[in-house]
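Single-letter residue listing:
2 protein chains.
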Amino acid sequence: MEFLGEPRMELQGDQLVLRDFPPGPLDDYRKQAQFDWKKMKLFLEDPELLKLELKIWNRLRNDPLFQRHETEPTTEENKRLTALRLRRYVDYKFPSSDILKLPYKKRTRMMMTCNEALAVTFPEVSIKYAIGVGLFSNTIVTLGTERHRRYAYAGNHLLSCLALTEVAHGSNTKQMRTTATYDAHSQSFVINTPDFEAAKCWVGNLGKQCTIALLFAQLYTKGQCHGLHAFLVPIRDPNTLIPYPGIVVGDMGEKIGLHGIDNGFVLFNNYRIPRENLLNRTADVTPDGEYESSFTDPGRILGAALENLSMGRVGIMQESSNNLICAVAIAVRYAAVRKQFAPNGEGNNNSNELPIIEYQLHQWRLFPHMAAATVLRVFVNEFTETYLMVVDKSASTSTEIEDLSDMVSEIHALVSSAKPLMTWQCRDATQECREACGGHGFLKAARLGELRNIIDPCVTYEGDNNVLVQQTSNWLLRQRQKLSSPLGSCAFFKDHARISRCRYRVGRKEQVQTEQFIMESYQWLILYLIEETDKRQNEAQEAGADKFTARNEAQVYRAAMLSRTYAEYTALRYYWCKISKAESSLRLVLNELGSLYGLSCLDKHLAYFYQGSYASGPEMSRNVKDSILMLCKRLKSQSLGIIDALAPPDYVINSVLGRSDGRLYDNLEKTLMQNPKARSRPDWWYEIVDDSTKLQSKL
Amino acid sequence: MEFLGEPRMELQGDQLVLRDFPPGPLDDYRKQAQFDWKKMKLFLEDPELLKLELKIWNRLRNDPLFQRHETEPTTEENKRLTALRLRRYVDYKFPSSDILKLPYKKRTRMMMTCNEALAVTFPEVSIKYAIGVGLFSNTIVTLGTERHRRYAYAGNHLLSCLALTEVAHGSNTKQMRTTATYDAHSQSFVINTPDFEAAKCWVGNLGKQCTIALLFAQLYTKGQCHGLHAFLVPIRDPNTLIPYPGIVVGDMGEKIGLHGIDNGFVLFNNYRIPRENLLNRTADVTPDGEYESSFTDPGRILGAALENLSMGRVGIMQESSNNLICAVAIAVRYAAVRKQFAPNGEGNNNSNELPIIEYQLHQWRLFPHMAAATVLRVFVNEFTETYLMVVDKSASTSTEIEDLSDMVSEIHALVSSAKPLMTWQCRDATQECREACGGHGFLKAARLGELRNIIDPCVTYEGDNNVLVQQTSNWLLRQRQKLSSPLGSCAFFKDHARISRCRYRVGRKEQVQTEQFIMESYQWLILYLIEETDKRQNEAQEAGADKFTARNEAQVYRAAMLSRTYAEYTALRYYWCKISKAESSLRLVLNELGSLYGLSCLDKHLAYFYQGSYASGPEMSRNVKDSILMLCKRLKSQSLGIIDALAPPDYVINSVLGRSDGRLYDNLEKTLMQNPKARSRPDWWYEIVDDSTKLQSKL
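If you're matching them up, the sequences are chains A and B in order. Numbering of the first sequence is given in full-length UniProt numbering, commencing with residue 1 and proceeding in unit increments. Numbering of the second sequence is given in full-length UniProt numbering, commencing with residue 1 and proceeding in unit increments.
Wrong hints could be hidden among the right ones.
It does not matter which identical chain is meant; a pair holds if it fits inside one copy or across any two.
When the alpha-carbon atoms are kept at most 20 Å apart in a straight line, the in silico DMTMM-like pairs for lysine to aspartate or glutamate are as follows [to be verified]: (1) 39 x 495; (2) 41 x 534; (3) 509 x 539; (4) 633 x 284; (5) 55 x 464; (6) 38 x 10.
Since the hints were made in silico from the structure, they are not lab data. Keep in mind the model is a prediction, meaning the values are calculated, not measured.
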């Protein structure tokens, strides 16, 4: 798709320049905003990181290999293009080769930003890169030792994959059945796949392309199993891409999205790898087959484990927040231009028709997602800082280990609930935005379909959402006793007695719109759900259930909801902390966005407040609902400014419906008319002309 | 995809034969069902219609043109295949050429069943047929006169489309801007598209294929506009498929689904059609340009208008219920075979792992959708009978018009809320089922992606759901005064005073599971939402808003929710009426399914019961939620039987995860291993081998 007009945000040399939008159909609403979108953008995002993103986007925009296609390529061509783009992207060496000199936190944040910039434009390339280069190097560094370093920075010489999931086992990683049996005689591990159910599958990059796999298999030596370990396993000859003997490797076949990724499966049959290919930071096998655990450096190992578990999930959170912003930007800009029905309802005068953004129902469909986009964007930016701080600390042995271990647990609980929250939120928003753009939302050029298809697998991979949230609820239940929350997410647990006695007591409707009301309600709700979960678990155990069963019986309406509300609360906590530092011209609207997000989440949980006797009578429900509608109405005039502040440039959003110029119908006309094959007769026309008609015309 | 094993349901001559399933992994759960799935199937579906479906499926299954593709064809090839299949399907002349002799109701029901059978296997062919043949013939018969009849049964000689939507107008049909101006001199209408915003668009079949359009345009004669009328407009030469001069016609380009449909746009420039091409049943223009309205036969015209409005929506309801059944069947069968985690949590012994259907959370994710599939299937079957009865009556002038008009309004209100209910339910279910099948649900061969992509546009086309529901709520608000509900959906309005005073008063938890409790709760809720809507409208009008604005201000939490609850209530009403006739061995489980559907809907509305003081204290919320979990647990043992009763044959469901043999991993293995290109090196391998590597290997 062509890039139209002068960009509103660009690099001039090393300077970030933001410019006003030229006059156009969005002017009326843009002028209603009572703040400067440029100030808000620079408040929401780090200018240095914005510059890095612009640098990447400018490069891709001018590279023929990174042009978008009007017609969907075949799956095969999609794979080829994604593979070529990945190689090119690696060659670009973003952010720059100087990066290794920077301290860990700064360096990693920049790498993450590069990933965000790539993921929001070419998500499949980003996934291939993350799996095949980023995760691989990372794991080598954190789980391997000196002898594996040479693999970590191999650039385009190697492409890797991470083979963990098996056909019959996903979330339950301990039950993986692929074996690596040490043979002292040849000093090698012999890898075997017992049957098809234990074939590694869904492995990204494995289907057609990868040359080496990071394989997780049960380590056996001297007849004993030592659990899951990671091995470097050559898959294909890098010169020919022909798989090595002893391997059956193939592509998963057609999927319902991510067509550019070659997800694959592999079965091993007495496949040998050298002993040295075990990633041996935490444990090793001696040449004669002794298993040795080497927990000499627990701080580093803990950090490594954490980073491996969470880094991918934090990346998904960042990508989700970008996709959410794109979807909402498209739908809100569309709603400000698209008109439908008029107050008098009759007559042929179009000028009376209202933009659909004026309708209560339409505001209510979109603005809570816009509020979520803002809150979750701030949250993920701020949380990333916390996250990297903890990872950094955990890699330094000087820190006291006890506190660190609690911090690592808390990070894990936060990520395990926030990744589900953000991916589900984005899933719902992309669908609602598609529907809110009507039939035009069904165009590929609208991009909402792609955004939806990208987020869909995110709820499953890197930890199935429904399984992940259980790790958070288990942690929260432990916190009630332990009260150890170094990052402060459960600090309020110590006020348990006071908070649990709180009751809904609001005079004016507007009070429910305050941070104080929303956060106190959440604190009560979280403690209530802990009680409820705990009670149900105890009841089940008293009735004879084992702990595993008792936990399962306390998921619905209890533990699962607990994780959800905790994630929402945490996101709001980070958000309000950040916006307290905003200048006053921004604070009002940022506050309203926080309130709208908080209340529209609480609205879905209202029954718990009544069930737990926090509220009784009509007021709470009525005030929450009325406040949501009031906030929607007020945010209407701010909405185009909010979108301008959140949205990346048009090239990135890449939607015919969501351009910043607001020239919806001109842009649609260009898209439809410029499509080279739109108006040509199909090549196969003669096959569908009726035979009798053809006959007639011959006579 | 290959058809495996002996079908469980087949035609032997003219006999319908149902057979037990052969032994397999689903046996354990199948045996737990306390009823005979065959009895239930024959209770849920009309055996004559089942036979008709089997006849169609058998024919398609043996036709090379109707084989499924493992790899996704290009969009162009998709269009070609769909066009060829449409021609073949028309040639098959289902159900049979005798059909014209049958009475209207029976004939139409059979045509609808044919559409269902086609839509559940080849949805795009069904859509092309519905638009290009069914809707076209129907409209000719109902809006045209004798002179148009020859177009109605043209078979493959013509393919039509329905051109109503314009680029800038969808739901607001009155504002369409395409004009048809009568020119008495040449006795023709001159069609014009004032600008791109008035181009007809999204028209199915128009993009590449159709030869004639049913065009809706503003009729002008003698300088006066008479509103929207339907015209027959030749588009392409049937011999060459080349568009006629004066038309710019093209394809909408790449979409996010329905790739086989050639949705198109068209602009007219002084394009002339003969005067006779006006469909002139309700109004005509004389040769010298006088406009004459011919309302001589209001009964017929009313029926025609109704049929044109609603027939497509009833078709969508039927298709949604079939798609919903397929999605749920796939996910429930998968859940009964797929295992994950074990009570002891440790050890490598797989045999301890539980099928995921055993988990409370998983039951709660799937079984409410299974209950919805059952209830909505019964509803749509029963409602179709009512619908056809009313259409039939309205076509006969002998009926008293007053009552009929009320009946037609009620049908319209029912359809306008039920089409949104069912399409949204199916949208949510297909997504949840995809997620519940984890990564494997992301395979194209799982079919959940296709089911989701088919339902997605259904929430927009044939009346945008969010606009449609307003027609229902407007009607309901009028009913409060009028109390005229010949079909009985609002019969309880007359008990308004008594019902509004009702309060939640239940002793035992189990009482909330009864039909009586659920239906009474719904009646209270519907009346409460009518009050709330009315009150808000009045408040707005008292504050100076016009009626249009007042209505818009009362949508969220009020009118929109009112339509939703009315649709749920109506579906349950039809359902419980039907199952009261079930034999006792089926009644218990059917009752539980009704209760689960009702309660899981009410669960989402709980806050209204507290807000309206119907309930206070913990009991109602707690009992509703606990009952849902109890019902889920009880239905676990019945679930495989329910699925066997609901599900069409394997060929139709066409999912590697949802086969009735339950051999999940065998089927997956075959699918992966039989894919011809899965294990071959990509043709483009040399493009992604590193140059330096290549260099090295040359040295």
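Self-check item: Homomeric proximity label, residue 38 with residue 10: Cα distance no greater than 20 Å
Solution: within (12 Å within a copy, 67 Å between copies)
Self-check item: Status of residue 284 relative to residue 633 across identical chains (alpha carbons, at most 20 Å)
Solution: neither (63 Å within a copy, 47 Å between copies)
Quiz prompt | Alpha-carbon proximity context of residue 509 and residue 539, limit 20 Å | solution = Answer is between: at 17 Å across copies they meet the 20 Å cutoff, but 39 Å inside does not.
Quiz item: For the identical chains here, do residue 39 and residue 495 meet the 20 Å Cα criterion within one copy, between copies, both, or neither?
Solution: neither (38 Å within a copy, 59 Å between copies)
Quiz item: How would you classify residue 55 and residue 464 at a CA-CA limit of 20 Å: within, between, both, or neither?
Solution: So residue 55 and residue 464 fail the 20 Å test inside a copy (34 Å) and across (42 Å) alike.
Quiz item: Given a CA cutoff of 20 Å, do residue 41 and residue 534 count as a within-copy pair, a between-copy pair, both, or neither?
Solution: neither (43 Å within a copy, 42 Å between copies)
In terms of the numbered hints stated before, the structure departs from hints 1, 2, 4 and 5, listed from lowest to highest.
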